[in-house]
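**Student:** Can you make the complete structure from the sequences, with help from the hints?
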Amino acid sequence: MSNGYRIKAAAIGLLWLVPDCQAQDGHMLFNRFIAERLEYEGNGGLHLAKWDVQDWFGNDEHKLWLKTEGDYSADQGIFGRADLQVLYSRNVDSFWDFQIGARRAFEPERTFDAVIGFQGLAPYFFEVDSALFVTEKGNVLGRLTLSYDLLLSQRLILQPRIELNLAAADLQSRGVKAGVTEFEAGLRLRYEIEREFAPYLGVDYVEEQSLREHQHSVRAVAGFRFWY
Amino acid sequence: MRVNFRQADSRSAPAKSAAKRVSKLIRGIGWGMVLAGQALAGEYHLTIAEKRVDIGGEPQTAILADDGLPGPTLHWREGEDVVLHIENRLSEPTSIHWHGIELPYRMDGVPGISFEGIAPGARFSYRFPVKQNGTYWYHGHSGMQEQQGLFGALIIESAQPQPAADRDYVVLLSDWPQADPYRTLARLKKQSDYYNFQKRTVGDFFADIERLGLRETLSDRLAWGEMRMDPTDLADVNGSTYRFLVNGRTPQMAQHFLFKPGERVRLRFINASAMTYFDVRMPGLTMQVIAADGQNLQPLNVNGFRIAVAETYDVIVQPQAERAYSIFAEAMDRSGYAHASLSPRADWLAPVPPPTPRTLLTMADMGGAHAGHAAQGDNHLEHAEHAEHAEYGGHASQAGENLEAAKPAAEHAAHAGHHHAAMPPEIPSYQTLDYRDLRAETATPLGKPDREIELRLTGDMRRYIWSFDDVKYADAEPIRVKLGEVVRFRYVNQTMMNHPIHIHGLWQYLDIGAGAYNPKKHVINVRPGTTAVVDVPADAVGEWAFHCHLLYHMDTGMFRKLIVEAPDRE
Ligand SMILES: [Cu+2]
Chain A
59 MSNGYRIKAA
69 AIGLLWLVPD
79 CQAQDGHMLF
89 NRFIAERLEY
99 EGNGGLHLAK
109 WDVQDWFGND
119 EHKLWLKTEG
129 DYSADQGIFG
139 RADLQVLYSR
149 NVDSFWDFQI
159 GARRAFEPER
169 TFDAVIGFQG
179 LAPYFFEVDS
189 ALFVTEKGNV
199 LGRLTLSYDL
209 LLSQRLILQP
219 RIELNLAAAD
229 LQSRGVKAGV
239 TEFEAGLRLR
249 YEIEREFAPY
259 LGVDYVEEQS
269 LREHQHSVRA
279 VAGFRFWY
Chain B
47 MRVNFRQADS
57 RSAPAKSAAK
67 RVSKLIRGIG
77 WGMVLAGQAL
87 AGEYHLTIAE
97 KRVDIGGEPQ
107 TAILADDGLP
117 GPTLHWREGE
127 DVVLHIENRL
137 SEPTSIHWHG
147 IELPYRMDGV
157 PGISFEGIAP
167 GARFSYRFPV
177 KQNGTYWYHG
187 HSGMQEQQGL
197 FGALIIESAQ
207 PQPAADRDYV
217 VLLSDWPQAD
227 PYRTLARLKK
237 QSDYYNFQKR
247 TVGDFFADIE
257 RLGLRETLSD
267 RLAWGEMRMD
277 PTDLADVNGS
287 TYRFLVNGRT
297 PQMAQHFLFK
307 PGERVRLRFI
317 NASAMTYFDV
327 RMPGLTMQVI
337 AADGQNLQPL
347 NVNGFRIAVA
357 ETYDVIVQPQ
367 AERAYSIFAE
377 AMDRSGYAHA
387 SLSPRADWLA
397 PVPPPTPRTL
407 LTMADMGGAH
417 AGHAAQGDNH
427 LEHAEHAEHA
437 EYGGHASQAG
447 ENLEAAKPAA
457 EHAAHAGHHH
467 AAMPPEIPSY
477 QTLDYRDLRA
487 ETATPLGKPD
497 REIELRLTGD
507 MRRYIWSFDD
517 VKYADAEPIR
527 VKLGEVVRFR
537 YVNQTMMNHP
547 IHIHGLWQYL
557 DIGAGAYNPK
567 KHVINVRPGT
577 TAVVDVPADA
587 VGEWAFHCHL
597 LYHMDTGMFR
607 KLIVEAPDRE
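Protein chains in written order, with the working numbering: chain A, 59 to 286; chain B, 47 to 616.
In case anyone wonders, no lab produced these hints; they're calculated from the structure. Don't take each hint at face value.
As the list claims (entries may be wrong) - Residues of chain B clear of chain A, computed beta-carbon distances all greater than 10 Å:
{"hint": "1", "residue": "R123"}
{"hint": "2", "residue": "P175"}
{"hint": "3", "residue": "R246"}
{"hint": "4", "residue": "V335"}
{"hint": "5", "residue": "P403"}
{"hint": "6", "residue": "R404"}
{"hint": "7", "residue": "L552"}
{"hint": "8", "residue": "D585"}
To be verified - Partial list, derived from the structure: chain B residues whose beta carbon lies under 7 Å from chain A:
{"hint": "9", "residue": "R98"}
{"hint": "10", "residue": "D100"}
{"hint": "11", "residue": "F251"}
{"hint": "12", "residue": "R274"}
{"hint": "13", "residue": "T488"}
{"hint": "14", "residue": "R508"}
{"hint": "15", "residue": "R509"}
Where is the CB? At the ideal position from N, CA and C, for every residue including glycine.
**Tutor:** Here you go:
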C-alpha cells in the first residue's frame, strides 16, 4: 500500500469521525464505525494482517456507507488485496438495506467496479452482506458474507462466518477464473469486554482458485472487533 | 455525594423560609375562602441548573431543579392559583411539564407544542388554577433532561377532607444512567440489543431441551428466529447501565421511612423513570391501593403491582410488627432493583428480598403483530390474563417460580393476622394489581364516544424506531378532534414492548367494562400484543402532546400532536 492510500484512508476516517449529532423530530443523524475484523492470520508459512472495516453515516433511511477489506503480508511486504467501497444505502425494510455505489480496488490490480447489494439480518439471525460487482468491461463478480453469533455466555460469543467470492466468467486481466474464486470459512471466539471492544481467537479455512493457481490453507487468527 | 437529598417526608415543604411559613398560615386561614370559591395563590420558584452528581462512582452531569435529585416535592392545594417561576441557568433551553395536571395548554410545558420553551438564562412563569388533587409529578420535556434528573413529586391536597394517614411519604422511583442519554440513544440506534445482557445462550438451549424436549425447544427458537426478535427483550435500556433509585438514593444509600407499628402509612409511588417499569412489593405487607394517577379508587388489596413509567399509585400499608419492612421495586426485566426500608427505627434496615425470577416474552405477546386484534370488538385488554402470567411471575414453563411461590410461607402467615381482617373481605388479598380490578371511587358517566380512532403502536426494533401507525412523529400529521367530543382511542400494541401512553391535558378513561366506574388515568400501559381502549373527553382546547412515555420511544417517533379544536365561531 502506498502512503498515498494510507493518507486517503485516514482522511476519510477523520471525515466520518464526526460526533453523533441529533436533530429534532427523529431526523437524527448517526455514525457507526465498525472494525468487524482487525486480525493477524497465519500458519507455518504465512503471516497476514487482515482488516474488514465499515462505516456508515446517516439517518434511519439514508446512509452513506464505506467498506474496506484487505490483507497485507508482513514478511513479503505486499498487499494481497485492498479495496474500498463507497455506497449509498437505502433502508428498504426493517432488516435490509439496499446499497449501490462503486468499488475501487488498489491491490492486486487497480480496478474500478460498480456495486449493488443488500446488507442486513436474515431470518434466524444470519448477518448477510452481499454484493454484485460489475467491472468496466461488463463482467460480473459477486461476494456473499454470512455470519452468526452463538452466545456461549452474555459476553463470550462464537461466530461462524463464511465468505464466498464468485465470478460469472473468466477474467484474464485479473487472473480470475469463473466460479468460486475464494471461499473462506472461519470460526472466531470473541469476548466482549465492552460491547464495543472484543478480542478474539479463531481459525480460518481459505480456498483460493484463480487462473494461475489453486491453493487452500488452514490458518489461526487472532484479532479484535471494535466499533463506536 | 453532592446531591442535595431532600427529606422524603412529603409533609416537609420544599422551602422553609419565613415567607413560606406565613403563606402556609395564610393558606390555613384561607381554607374557608377556598370553599367559598375564592382561589388562593401559591407562588413557587424553581431554578434549573447543571450539577455534578456521583451515583455510579464517577461524577456525571445532571440537570436538576433546585439542585435536588429528585427536585423538591411541590405541595399545592386544590382550588389555589399556582404561579411557578422557573429560572433556566442551563446553556440549553429547558421546560417543565406538569404531568397529569389539567391546565391551559400554554402552561403545559412542551416546547414546540404548547410553548416556546425556556431559553438559556431566561425565566418563565407558569400560572394556572389547580382543579384537582392527588399524587402527580413534574419533569423536564426538553431534550433528555428528564433522564438527567429533572423531575420531582407534586402533591396536591384535596379541597375535601380526606381520610388521614398517620404517615405520608413520597416513594419516587427513577433510573439513573451511567452514560449521556444521547450516547445511550446512539448505541440503541447502532445496536438495538446493546443493553440486553440476559439473552438466551447455548446453555439455555440445552437446558430447554432437557426441560421441554427437543421438538418444542427447536420450534421455539425457530419461531423467534424467524421474527428476528428476542424473548428476553423486556427493556431496551436496563440495569446493565442504570442505577435504580428511591427518592434519588441507590439501595446502598439506604433510604428509609419511619413508622410506628399499627400506623396507617400512605406511600405515594411515582415512577419517574425514563425507561424502567418496576414490580413493587413489600414482603410481609398487603398494600391497599387507594389511588392511581392521582385519582381515588375503591380500595384494592394487592401484594404487588407493576408501575409503568410515569404512573403513580398511592397505597396504604399498616405494618403491625416492630420490624423493618422492605420496599422492593424490581426492574421488570430483573436487571436491578430499587430498595428502601419502612422501619420503626432509623438504624433498622430491611434486607433486600430475593429477586423474583426473570420471565420471558411469549409468542402470544407478539400477537398484535399478527393482525386480527383490531377487529376483536369489545374484547379489551385481550391478552391481559395471559400477559399477567407471562410477565408477572411465570407461565406454565416456569411453574413454581412465580411471585406467589417465591414468597416464604411465613409471609402468608403474617397476612392471617388481625390487621388483615380489617380489609374489605370481598377483595382477594393475594394478587398483583391488574388494570381490570381498578374502580374509580366516584362515578363519571361519559357520553357515548363520538368517534373512534385506532392507533397502532408500532416499532422497528432493528433500527430502533418507535411510531404510531408505522409513522414516526417527524413525518406525521397531528390528530385533530373537536372540543366537547368524546373520542374513543383503541391502542393496538403491535410490538413486543410495553408502552405507557400519555396524553397531556386530557384524561383517558380506561374501558375495563366498569361503566361509569372505569378508572381515569393520565398514563395507560399497553402490554405487548394487546389492545387497550380508552375514552377521552376532549374538554380542553389546545395543542397537546400525545406520546409513549418511554423517553427513547418518544424521541425516536412514538409521539403525536393532538389538537383539540374549538368549534367555529359563526
Ligand atoms: Cu413506547
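**Student:** For this structure, which hints from the list above don't hold up?
**Tutor:** Numbers 3, 9, 10, 11, 13 - these are the hints that the structure violates, sorted from lowest upward.
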